[in-house]
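Protein sequence lines, in the order shown, are assigned to chains H and U.
For the first sequence, the numbering used here assigns the number 16 to the initial residue and increments by one for each residue that follows.
For the second sequence, the numbering used here assigns the number 5 to the initial residue and increments by one for each residue that follows.
Worth flagging that the hints you see were computed from the coordinates, not collected in a lab.
Here a beta-carbon is modelled for each residue, glycine too, at the ideal position from N, C-alpha and C.
Any given hint could be a false lead.
[As the list claims (entries may be wrong)] Over 10 Å on every C-beta distance to chain H, these chain U residues come out as not near it, computed from the model: (1) E7; (2) L14; (3) E226; (4) L247; (5) V414.
[Stated by the list, open to error] Calculated cross-link-like contacts (lysine to any residue; reagent style SDA-like; alpha-carbon spacing at most 25 Å): (6) U:K492 x U:G252; (7) H:K85 x U:Q227; (8) U:K429 x H:V108.
[Unchecked claim] Examples of chain U residues toward chain H, derived with CB under 10 Å: (9) T225; (10) F277; (11) L384; (12) L385; (13) Y389; (14) Y405; (15) V422.
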Amino acid sequence: MRKLAAILFFILSTFVVAGSFQMRIYTESGPGAGLFPMISGVMLGLLSAIWFFQEQRLVTTSMGGLSIAKGALIRVGLQLLALSAFATLLEPVGYLASAAVLAVMTALIAGERNWISIAVLAAAASFGVSYLFSSLGTTI
Amino acid sequence: MFEALGTGLLHAAEPQNLLWALWGCILGNLVGVLPGLGSAGAIAILVPITAVLPPVPGLIMLCAIFYGSNYGGTISTVLLNIPGEASSAITAMDGHPMAMEGRAGAALSVAAIGSFIGGVCGTLALAFGAPVLAQIGLLMGPVERFAMMIFALALITGLLGDRMVIGLVMAALGLLVGTIGIDPTLGIPRFTFGSVDLLDGVNFVAAVMGLFGISEILLNTEQRLTGKIADNVGRILPTRGELRQSWGPIWRGTGIGMLLGMIPGATSVVASFLSYSTETAVSKTPERFGKGAIEGVAGPETANNAFANSNFIPLFALGIPGTASLAILAGGMMMNGLTPGPFLFRDNPDVVWTVIASMFVGNVMLLALNVPLISVWVQLLRIRYSLLAPIIAVLTLVGSYALTENAAIVWVTIVFGVLGYFFRKLDMPIAPMVLTMIVGPGIESNLRRSLQASNGDFAVLFQSHIAVVLFLASIVLIVWSVWRTAHKHGEQRVLEMRESD
């Protein structure tokens with residue numbers, strides 16, 4: 016899996032270097048907007064290549080640290096769904112409802128089954144956090 | 005200097021500043037105690053709360069959260085055997101066996117006393133060392149500053165040992181993330197893909213909230229975080245014998261932590277591990293270590309906190325954050341309109357001296373919060389993670405939204421959270437990326453200023469003696485690190501061949 020990450024970083028670096036040339040490396044007034052991204056991109060590309068060959072020399076039998084059990088994968092996926100739901104709902108339905116949804120979903124995913132606790136949590140996460148931020152002078 | 009520190013103490017003692025320091029200490033201790041949230045994650049999540057305060061109370065609170073989380077981390081390490089921080093891992097070796105023997109109270113008290121002494125000495129080093137270093141920093145031009153930042157990067161990645169190449173990859177990635185947005189000199193958008201939200205660049209705080217906060221939630225969700233708490237804390241205060249045994253380790257830990265804290269790139273893990281190995285080396289009964297030796301708690305915990313406070317020296321004096329937590333703290337300072345670096349002491353002396361003075365006050369507060377109230381903190385450990393996770397998730401995303409009151413920034417946090425999750429799963433160090441995200445724009449502006457002055461001639465970088473020394477030191481460090489890694493791999497291969505024979 017790390018080898019794949021190294022390849023992805025290498026692809027990213029080629030994209031960055033190509034993009035930096037479009038921004039111009041040098042102008043009449045001195046270094047252009049593309050100079051620093053170009054240097055960083057070249058660095059990233061070279062290092063990704065070294066990293067790839069380093070990984071190539073290692074004998075790995077697993078997925079290089081990314082082995083996840085099916086149940087855990089579902090939980091992580093659901094947690095991501097809960098976080099994305101919050102970001103999507105935040106502006107159309109408002110903070111209180113979206114925070115309550117996020118709190119309930121996260122509690123359930125984390126294994127909480129006591130509905131009274133979940134209700135208290137949802138209230139604390141929505142009204143409590145809203146109160147905390149408004150008392151500090153930020154409206155959410 | 006004494007006068008400035010005295011004035012700072014007077015400001016720090018103002019009721020409003022005391023209150024925010026206390027809140028910071030309580031919050032820091034709280035997030036440190038609760039398992040499943042490291043110091044960097046805690047600071048990242050709480051930065052938006054401090055951003056709405058005026059600069060001085062905001063910064064006082066942020067610093068208090070930082071060192072408070074270091075204090076609190078020990079409690080979950082000793083009682084649950086779950087180190088909140090990598091630097092606390094060594095404490096678990098003797099701290100948890102002590103807890104299992106019913107001596108958790110003594111372990112935690114000695115850790116709090118050691119942390120207090122280490123923290124105060126570290127702050128003294130900061131008060132006397134940082135202004136001197138800042139004076140030197142003021143004499144530096146863009147070339148020297150550029151060279152110094154490169155040296156700091158070499159230190160940060162060179163000390164990663166086996167993972168140096170991945171560390172450098174992550175550092176390069178951080179540099180690239182730092183270039184997203186409008187070019188500060190020419191006003192050209194870079195890597196924004198036509199998005200208006202990216203014109204101002206990737207919001208640093210939102211990104212680190214994802215990298216540390218969201219990724220931690222995802223990891224804990226995957227692993228279903230649980231732990232068995234040691235039920236019997238025992239007597240709170242250590243016995244006279246235990247105190248006698250702890251004095252030596254506390255003072256040695258203070259020295260080790262203070263010295264290492266001054267080096268950008270050295271980590272608190274190195275400080276606590278070095279302290280532990282020193283204690284095992286000087287002990288007449290090293291066989292007790294790993295089985296509940298109080299010296300194994302006193303030394304590393306002291307070193308850890310002395311390191312945390314003296315690590316502010318490179319940040320305040322040179323603008324170089326030594327660790328990921330301090331990089332996030334630097335981001336918080338910038339949100340409050342303060343740029344860490346040599347100009348901080350010149351342009352905002354009242355702010356910086358008040359903050360330094362507040363660290364003395366904060367350490368006293370933490371001692372008072374930790375020793376008598378240990379049993380209260382212990383009760384917090386009984387809260388199930390399934391009840392904490394929703395609060396952490398909501399606070400992270402709401403905090404992110406509060407930064408700009410724009411839903412797009414929430415997506416930035418989530419995207420960086422997913423990236424952070426994969427980085428951590430693949431054992432890729434996030435700290436170099438966070439550090440270069442914060443120092444990257446500084447590196448670029450100093451490089452461009454140097455090249456502009458020389459009409460694009462790169463030779464200008466080698467015309468300053470200081471810069472040449474720093475570049476050479478960076479090369480030596482990287483080469484030494486590569487050689488050391490290769491040597492280690494060679495030895496391993498020889499061993500493997502012998503075993504197979």
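Is the shortest C-beta separation between L384 (chain U) and chain H less than 10 Å? 16 Å, violated
Is the Cβ of L247 (chain U) more than 10 Å away from each Cβ in chain H? 40 Å, holds
Quiz prompt | Agreement of hint Y405 (chain U) with chain H interface, Cβ distance less than 10 Å | solution = Because about 6 Å separates Y405 (chain U) from the closest Cβ in chain H, which is inside the 10 Å limit, the hint holds.
Next on the checklist: Next item in the hint list is T225 (chain U). Is there a CB on chain H closer than 10 Å to its CB?
Outcome noted: 5 Å, holds
Does Q227 (chain U) sit within 25 Å of K85 (chain H), going by the straight-line distance between their CA atoms?
Distance of about 12 Å is within 25 Å: holds.
Please check whether the beta-carbon of E226 (chain U) is more than 10 Å away from every beta-carbon in chain H. 4 Å, violated
* So is L14 (chain U) really clear of chain H, every C-beta pair being over 10 Å apart? -> Fine: 26 Å to the nearest Cβ keeps L14 (chain U) off the interface.
- [ ] Mind verifying the non-interface call on V414 (chain U)? Its CB should be farther than 10 Å from each CB in chain H.
- [x] 4 Å, violated
Just to be careful, I want the Cα atoms of K492 (chain U) and G252 (chain U) compared with a cutoff of 25 Å; is the pair within it?
33 Å, violated
- Item | Straight-line alpha-carbon gap K429 (chain U) to V108 (chain H), limit 25 Å | 34 Å, violated
Holds or violated: is the Cβ of L385 (chain U) closer than 10 Å to a Cβ in chain H? Violated. Min distance 16 Å.
Double-check Y389 (chain U) for me: the hint is only fine if its C-beta lies closer than 10 Å to a C-beta in chain H. Cβ of Y389 (chain U) sits 6 Å from chain H, so the hint holds.
Violated hints for the displayed structure, listed by number in ascending order: 3, 5, 6, 8, 10, 11, 12.
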